[in-house]
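Taken in sequence, the protein lines are chains A and B.
Residue numbers for the first sequence follow the numbering used here, so the first one is 30 and each next one is one higher.
Residue numbers for the second sequence follow the numbering used here, so the first one is 27 and each next one is one higher.
Hint data in this document are derived by calculation from the structure and do not stem from the laboratory.
Please note: incorrect hints may appear among the correct ones.
Think about it this way: if two alpha-carbon atoms lie no more than 16 Å apart in a straight line, the pair counts; the simulated EDC-like pairs of lysine to aspartate or glutamate are [what the hints assert, rightly or not]:
no., chain 1, residue 1, chain 2, residue 2
1, B, Lys287, B, Asp241
2, B, Lys232, B, Asp118
3, A, Lys206, A, Asp72
4, B, Lys232, B, Glu61
5, A, Lys54, B, Glu108
6, B, Lys232, B, Glu99
7, B, Lys287, A, Glu235
8, A, Lys206, A, Glu235
9, B, Lys287, A, Glu294
10, A, Lys206, A, Asp237
11, B, Lys287, A, Asp255
12, B, Lys87, B, Glu108
Only part of the chain A face toward chain B is listed, based on derived beta-carbon distances under 10 Å [as the list claims (entries may be wrong)]:
no., residue
13, Asn39
14, Gly86
15, Asp155
16, Gly189
17, His245
18, Ser289
Beta carbons are placed, not taken as given, at the ideal position from N, Cα and C, and that holds for glycine.
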Amino acid sequence: MSEAAQATANVIECRQAGRTFMVRKQALSRKLPLRAVQDIDLDLHRGEVLAIVGESGCGKSTLAKLMLGVLPLSTGTIRFEGQTISTIDRKTLGRQIQPVFQDPYTSLNPRKTLAQIIGLPLQVHDIGAAAARRARVLELMSLCGLGKHLYHAYPSQLSGGQRQRVAIARALAADPKVIICDEPTSALDVSVQAQILNLLETLKVELDLTYVLISHNLAVVEHISDRVAVMYLGRIVELGMTVRVFQAPQHPYTRALLDSDLRPEPGRRLERAVLEGAFPDPLNPPSGCAFHTRCPEARAECKLQRPSMRESNGGRVECLLRGG
Amino acid sequence: MSDAILQVRGLSVDIRVPTGILHAVSDVSFEVRREETFCLVGESGCGKTMTSLAIMGLLPKRAVRTAERLRLENRDLGALDEAALSDLRGNDMAMIFQDATSALNPVFTIGSQLEEVYLRHRKAPRSEARGRAEYLLARLGINAPELRLRQYPHELSGGMRQRMMIAMALMCEPRVVIADEPTTALDVTVQAQILRLLAELQEELKISLILIAHDLGVVANVAHRVAVMYAGSIVETGSVQQVFAAPTHPYTQKLMACIPKRGQPLGTIAGMVPTLIGDLSGCLFRNRCERASPSCEQRRIALRDADPGHAYRCLLDAGTLRHRHGNAHE
Chain A
30 MSEAAQATAN
40 VIECRQAGRT
50 FMVRKQALSR
60 KLPLRAVQDI
70 DLDLHRGEVL
80 AIVGESGCGK
90 STLAKLMLGV
100 LPLSTGTIRF
110 EGQTISTIDR
120 KTLGRQIQPV
130 FQDPYTSLNP
140 RKTLAQIIGL
150 PLQVHDIGAA
160 AARRARVLEL
170 MSLCGLGKHL
180 YHAYPSQLSG
190 GQRQRVAIAR
200 ALAADPKVII
210 CDEPTSALDV
220 SVQAQILNLL
230 ETLKVELDLT
240 YVLISHNLAV
250 VEHISDRVAV
260 MYLGRIVELG
270 MTVRVFQAPQ
280 HPYTRALLDS
290 DLRPEPGRRL
300 ERAVLEGAFP
310 DPLNPPSGCA
320 FHTRCPEARA
330 ECKLQRPSMR
340 ESNGGRVECL
350 LRGG
Chain B
27 MSDAILQVRG
37 LSVDIRVPTG
47 ILHAVSDVSF
57 EVRREETFCL
67 VGESGCGKTM
77 TSLAIMGLLP
87 KRAVRTAERL
97 RLENRDLGAL
107 DEAALSDLRG
117 NDMAMIFQDA
127 TSALNPVFTI
137 GSQLEEVYLR
147 HRKAPRSEAR
157 GRAEYLLARL
167 GINAPELRLR
177 QYPHELSGGM
187 RQRMMIAMAL
197 MCEPRVVIAD
207 EPTTALDVTV
217 QAQILRLLAE
227 LQEELKISLI
237 LIAHDLGVVA
247 NVAHRVAVMY
257 AGSIVETGSV
267 QQVFAAPTHP
277 YTQKLMACIP
287 KRGQPLGTIA
297 GMVPTLIGDL
307 SGCLFRNRCE
317 RASPSCEQRR
327 IALRDADPGH
337 AYRCLLDAGT
347 LRHRHGNAHE
């Protein structure tokens with residue numbers, strides 16, 4: 030594939046992307062490097078839904094912030110449509126990539142009306158005159174299933190689901206190409222979650238969007254995503270088509286994660302959940318494969334040697350015991 | 027005497043709000059049997075937490091509880107005064123709260139908080155309380171319990187804090203434990219660990235567990251029997267197999283259809299939960315139900331049996347409801 034063709038197929042390309050924070054364990058102690066995200070090689074294909082899954086603290090939200098360009102990289106590069114994001118003006122990038130956050134109770138300004146909240150990106154990017162902006166806000170509201178009567182409403186007058194619709198409408202205002210959803214439904218009830226997921230799916234088709242979906246809800250990921258990246262301690266340990274990963278997980282961690290997921294079918298599935306122990310301390314990560322401390326299949330070499338990404342069963346997996 | 031350890035009949039909770047009376051819980055009846063896990067499941071605001079607080083006698087001051095019957099074994103909970111209730115809570119009946127971070131006191135060590143429960147109810151030396159705490163922590167899979175007991179809540183991870191909450195509830199070997207969304211704030215891997223531990227301990231210590239949850243995946247995997255709540259009432263109840271294999275009330279059916287599944291369109295429930303302030307009449311789900319008819323508005327609908335042990339609150343008969351539900355999926 031030529032370079033130009035590749036640039037159009039991938040909206041975002043991460044190459045060896047990493048971010049290290051310097052943190053203190055205690056007050057006055059020496060600062061230690063915390064590798065929140067490291068060695069990320071990840072392409073976001075145009076028009077896909079790419080899910081990023083993993084336990085809390087695995088670096089999925091840091092990766093999202095790197096892609097949004099709100100956090101600078103420590104190592105590697107991230108390109109948006111072929112251009113390195115650190116060289117793209119913040120405002121220009123903001124028109125192309127927009128976030129939707131987890132908690133619609135804190136991500137909306139309680140003192141602004143919906144008109145102001147949804148219209149703010151239009152104002153910031155200087156899009157249209159006042160009348161055109163008003164029409165655009167109403168169009169966005171109807172697109173996201175918010176009635177016209179809510180135009181002057183405040184977030185406190187809305188339900189959780191309606192607030193998340195407002196957050197989505199705001200993200201869409203400047204007509205972005207990529208939406209990064211960080212746990213968009215985890216604060217919502219299942220029936221409301223279903224409405225929001227359906228809305229995201231409809232909008233994707235209508236507006237030609239590409240999504241990055243960060244979630245710990247595996248049922249949501251399986252339902253909505255095309256590809257899935259599994260993260261553990263700042264690294265992507267498995268990447269592949271969602272159908273394939275859910276049917277035949279390669280990495281022992283992916284398997285453990287899927288076994289821990291409780292499906293709404295009666296049965297004592299709890300016995301299958303094998304993963305013991307807790308997430309390791311990211312300031313003092315295990316040697317070799319970071320997962321070896323909890324891995325049911327770990328061998329002596331896993332402690333010594335860090336695995337590299339290898340092709341396996343149509344996807345990629347970072348495990349000494351798989352692929353190659 | 028029946029198999030029931032806890033009997034709740036005709037429980038209602040009304041809360042005074044500026045605009046009137048909010049009927050948070052309306053005429054809820056169920057019983058919890060010995061050593062079983064009974065799940066109250068429903069979405070935010072359906073009254074499941076209020077039901078559990080009403081049983082524990084921990085309702086906010088503005089709330090008024092009425093009940094035809096509220097019995098723990100042979101004791102009438104409705105007749106107990108605050109002092110007697112206080113003796114009972116933590117000793118015979120204990121609660122595990124959702125958010126361990128805010129339920130634990132940040133300025134006391136884990137050990138002193140666990141021991142306090144034991145010393146409040148038993149005339150025993152502190153060493154005995156410490157021994158019990160160490161035993162429980164070890165049983166909950168915690169390494170070096172004597173070290174953990176000297177730590178403060180902020181020094182522990184979320185999963186670890188939730189284990190402390192469980193240990194605290196089990197200090198005095200209660201017969202009934204109410205767990206209000208005990209794993210909601212946790213990762214799936216930790217959730218599975220905690221639920222498995224809870225199930226093991228329940229069997230070992232012969233506890234009856236009331237689990238309050240909104241996650242149908244959790245409910246399906248731990249419950250023996252289930253009650254589905256909507257707008258303050260139980261709309262369906264039965265064994266976990268009955269409710270998940272043959273959901274009968276239109277709300278239960280729709281709720282199940284909202285769970286994401288690969289390659290299937292996601293069902294939704296149109297409309298919103300009705301306000302529970304003021305006079306409530308008829309079926310409260312009628313404004314969101316495709317099968318509603320004028321008769322649904324007229325009177326409160328009683329629970330009726332679909333199968334032995336499986337009841338639902340709807341005017342239509344079970345066969346009709348399930349038949350249409352089956353068709354809708356094909």
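When the hints from earlier in the document are held up against this structure, which numbers fail?
5, 7, 13, 15
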